[in-house]
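Enquirer: Sequence:
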Amino acid sequence: MEDFESKSQYTSSQVRSLSDDELQMLENQNKRLVTEFRSQKLEVEAKKMWDLFYKRNTTNFFKDRHWTSREFGEIEQRIHNNQQTVLLEAGCGVGNAIFPLMAQAKDLFVYACDFSPRAVELVKDNPSYSETKCKAFQCDLGTDHLSYTIQENSVDLVTLIFVLSAIHPDKFEFVLRNIHKVLKPGGYLLFRDYGLNDWAMLRFNNGSKISENFYVRQDGTRAYYFKKEELESLTCASGFDVVSNEYVMRETINKKKNLKVPRVFLQGKYQKPAPT
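Take the sequence shown: its position 40, counting from 1, is numbered 40 in UniProt numbering, and each next residue is one higher.
Honestly, the hints are just simulated from the structure, not real lab data. Everything hinted at is true.
Here are the simulated distance ranges between beta carbons:
1. K48 <-> E251: 29 to 37 Å
2. G73 <-> S8: 17 to 25 Å
3. T143 <-> L18: 34 to 42 Å
4. E230 <-> Q77: 26 to 34 Å
5. T149 <-> S19: 44 to 52 Å
Heads up, simulated SDA-like pairs for lysine to any residue below, C-alpha to C-alpha not over 25 Å straight-line:
6. K47 <-> E121
7. K106 <-> E76
8. K227 <-> M25
9. K227 <-> I167
10. K260 <-> V216
Note that beta-carbon positions come from the ideal geometry of N, C-alpha and C, so glycine has one too.
Put together the whole structure using the sequences plus the hints.
Expert: Right, dumping it as structure tokens:
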């Protein structure tokens, strides 16, 4: 894992502009695309690739996300007011977001699901895991119905953080409708993921691009880079009202290489309408 230090951050409604050199980097990616055969193979083996990822890295790859409640006021407000809250962490990984939240909020119950069975087992093996506070389960958000495990209209908040980008774009709307079904009317979907023109997107070499804004990493996992307007359209089509939807621009420093790195994320809040 490379060593980065965050230097500055701001939000924007506009996509990051690219230099001529960066535009050429994107153009070069089109010279050799992932073949249709390999693209289909990557989809079939997606669960296997994430299981291998967690086999290699266990709980050591991602840092705990202590920033979640700071970035999303809906979580912070409920913690501060000691409100009884049911939260679904859709794509929980090994629990880097849920365990810091559970430590802060005594009145929080968490449903935590992940594509990778190995990740779910690592969540359950965490000393902070308790079935009275959390239910962890394996789920493919793009095919499995959440309502088979979670009662419809029962969840106050859903976090979808760096998860949708790992799923095939053809399944995005199913995932969002899947989440919408278990969310309470008036409840919120809290989203953060990779944004268009992120530095990581520009770094992909020939043979890594699957389709527009969709890439495969060297380890076989995939990443999609979202346009603001695209996500707004997807969430609206899936039954949500858009509360906020903006790019987060962050300049980070690769300390080993003394390199400035422009990161782009897309962050949003989307509400399931309450009956009028």
